[in-house]
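First to last, the protein sequences are chains E and X. Sequential numbering of the first sequence, starting at 1, is according to our numbering. Sequential numbering of the second sequence, starting at 1, is according to our numbering.
Honestly, the hints are just simulated from the structure, not real lab data. One or more hints might be untrue.
[Claimed, not checked] Derived pair list, reagent style DSSO-like, types lysine-lysine, alpha-carbon separation capped at 30 Å: (1) K43/E to K34/X; (2) K34/X to K132/X; (3) K132/X to K17/E; (4) K135/X to K41/E.
[Stated by the list, open to error] Label-pair ranges, simulated between beta-carbon atoms: (5) E64/X to T48/E: 39 to 45 Å; (6) Q145/X to T48/E: 23 to 29 Å; (7) D143/X to L66/E: 29 to 35 Å; (8) Q3/E to T142/X: 21 to 27 Å.
Every residue gets a Cβ at the ideal spot worked out from N, C-alpha and C, and that includes glycine.
Each chain, letter by letter, is given below.
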Amino acid sequence: MAQHEVEINISKTGEVKVHIKGAKGKACLAYSEWLSKLIGKVKEQQYTSEYYEPETKARINLQQELKNEGQ
Amino acid sequence: MSTVLILAPVIISNWPVIVAAAAGAASALGFAAKQSVDETVKQGQAEIQESVEIELADSQVISEGMRTGQEIVLKRGTVELRVTRDERGRCAVCAKGVGHTKAELRQIAQEFTEKMTQCFVYNRVMSELKNKDFKVVNEEVTDDQSIRIHVRRWVD
């Protein structure tokens with residue numbers, strides 16, 4: 001089991017800052033795509049070291065799950 | 001840590017969802033739904049009533065199921081706000097009131113659209129996070145009026 005956390009800050013003007021934690025590689029990318037479709041345009045994106053860590057099977061399953069739910 | 005995203009919200013939704021966001025903003029900013037004809041309009045006939053309109057640039061109100069001319073009318077003191085769908089399908093907020101300059105009304109309308117956008121994003125995000133089985137760890141409104149949400153879920 002992997003723990004995924006998302007911190008979302010919606011500013012007074014409506015701008016949104018999202019911090020995705022615990023998801024790596026394509027799983028992280030899947031969350032990013034899902035949230036950008038949900039909220040709006042990506043103005044800026046910063047990857048941290050965890051993004052580049054090897055994925056596990058759990059992350060691949062998550063990506064498929066998000067894809068299926070989005071259909 | 002994995003990634004940090006900065007997103008500019010785009011409001012594309014049907015009228016009931018826009019109404020919910022406008023109601024949230026109205027509540028937060030002390031506006032109330034207007035009851036039929038009121039004294040503001042009557043007074044406005046005798047005094048000069050300024051009016052300004054601003055639109056939410058990245059917005060699209062889906063007209064399906066929406067009656068022609070449908071709008072939300074809100075009031076706070078002598079200020080009246082009308083939230084409508086303009087001819088281009090965008091969400092527009094018109095502010096008018098006696099005893100206020102155009103600049104003041106523009107500021108009030110701007111403050112309302114920002115709060116409405118914040119409410120829209122909050123409602124949308126919370127609904128989708130719950131659909132994806134995220135549990136809310138913490139939720140707070142900070143000193144700068146930002147809404148901070150912290151959610152978590154376990155994945156196989």
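Now for the hints, and whether the structure bears them out:
1. Only pairs whose Cα atoms come within 30 Å are accepted, and K43/E paired with K34/X is rejected, the gap being roughly 38 Å.
2. This hinted pair does not check out: K34/X and K132/X have alpha carbons roughly 37 Å apart, beyond 30 Å.
3. Distance hint between K132/X and K17/E is fulfilled; the C-alpha atoms sit about 19 Å from each other, no more than 30 Å.
4. For a cut-off of 30 Å, the pair hint linking K135/X to K41/E stands: about 25 Å separates their Cα positions.
5. Distance hint check: the CB atoms of E64/X and T48/E are about 42 Å apart, consistent with the given range 39 to 45 Å.
6. Roughly 28 Å separates the CB atoms of Q145/X and T48/E, a value that falls within the hinted 23 to 29 Å.
7. At roughly 34 Å, the beta carbons of D143/X and L66/E sit within the given window of 29 to 35 Å.
8. The supplied range of 21 to 27 Å is met by Q3/E and T142/X, whose beta-carbon atoms lie about 24 Å from each other.
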